[in-house]
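K.L.:
Sequence:
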Amino acid sequence: MNFLKGGLAVVTVTIVLNSISFADVPPALPQLKSKPIDPVIKQLMKLQNAERARYGIAPVKMHPKMNVQAQKHAEWMADTGWYQHSALPWMEIIYYGPRRAEDAINGWIWSRAHHGIMLSGRQAGYGYVVDERGAYWVVVVK
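Using this note's numbering, you'd call the opening residue of the sequence shown number 134 and step up by one each time.
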């Protein structure tokens, strides 16, 4: 009698395992590869953080979503020729003209309002476009 119960249990387990379908299990998601950060963007952040360090302020951290939005705004200004602030939900500084990141940062440092924005926040995003007319620079901070 015990043998029969054990035999039934084995048969039952075998039937249950054989009836499970693994066809509906989704394949593993591919690993997302992050794009390398543009060296000019890195330089903008480095220069901004160097200025913050002069005042004893912690460095900002780069925020990928903010980078995307800042870059889109820089591209929009270059495409349209309009130099204006965006409607992004963060503090924003823009600059038009100089082709070097150092010159844009220095221009913001010399403007009290822009300098204040550079020194505020904890996260930042950066964007720029250099074309035949000059360069459009965007920094957003939160």
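Hints may be right or wrong, so weigh each one.
Unchecked claim - Using 27 angstroms as the maximum straight-line C-alpha spacing, the simulated DSSO-like pairs for lysine-lysine come out as follows: (1) Lys175 to Lys205; (2) Lys198 to Lys275; (3) Lys275 to Lys205; (4) Lys179 to Lys168; (5) Lys194 to Lys205; (6) Lys179 to Lys198; (7) Lys275 to Lys168; (8) Lys175 to Lys198; (9) Lys198 to Lys168; (10) Lys194 to Lys168; (11) Lys179 to Lys205; (12) Lys275 to Lys194; (13) Lys194 to Lys175; (14) Lys275 to Lys175; (15) Lys168 to Lys205; (16) Lys194 to Lys179; (17) Lys275 to Lys179.
Just so you know, these hints were derived from the structure itself, not from any lab.
Here the structure is a predicted model, which means the values were calculated and not measured.
K.L.:
Taking 27 angstroms as the top limit, are the C-alpha atoms of Lys198 and Lys275 close enough?
P.N.:
holds, 12 angstroms
K.L.:
Take the C-alpha atoms of Lys275 and Lys194, compute the straight-line distance between them, and say whether it is at most 27 angstroms.
P.N.:
holds, 10 angstroms
K.L.:
Next pair to validate is Lys275 with Lys179; report whether the Cα-Cα distance is within 27 angstroms.
P.N.:
holds, 17 angstroms
K.L.:
Sort out whether Lys168 lies within 27 angstroms of Lys198, counting only the CA atoms.
P.N.:
Answer holds: Lys198 to Lys168 is near 13 angstroms, not above 27 angstroms.
K.L.:
Quick one, are Lys168 and Lys205 close enough, alpha carbons at most 27 angstroms?
P.N.:
OK: Lys168 and Lys205 at ~16 angstroms, within 27 angstroms.
K.L.:
Compare the distance between the alpha carbons of Lys175 and Lys205 with 27 angstroms, and conclude whether the hinted pair is satisfied.
P.N.:
holds, 17 angstroms
K.L.:
Decide if the proposed pair is consistent with the structure: Lys194 and Lys175, CA atoms, cutoff 27 angstroms inclusive.
P.N.:
Holds, because 11 angstroms separates the two Cα atoms, which is no more than 27 angstroms.
K.L.:
Quick one, are Lys179 and Lys198 close enough, alpha carbons at most 27 angstroms?
P.N.:
Distance of about 19 angstroms is within 27 angstroms: holds.
K.L.:
Does the structure keep Lys275 and Lys205 at a Cα separation of 27 angstroms or less?
P.N.:
Since the Cα atoms of Lys275 and Lys205 sit roughly 17 angstroms apart, the hinted pair holds (cutoff 27 angstroms).
K.L.:
Can the restraint linking Lys179 and Lys168 be considered satisfied, given a maximum Cα separation of 27 angstroms?
P.N.:
Between Lys179 and Lys168 the Cα gap is close to 19 angstroms, so the pair holds against 27 angstroms.
K.L.:
Checking one constraint from the list: CA of Lys275 to CA of Lys175, max 27 angstroms. Satisfied?
P.N.:
holds, 18 angstroms
K.L.:
CA of Lys194 to CA of Lys168, is that 27 angstroms or under?
P.N.:
holds, 17 angstroms
Hint violations for this structure: none, all hints satisfied.
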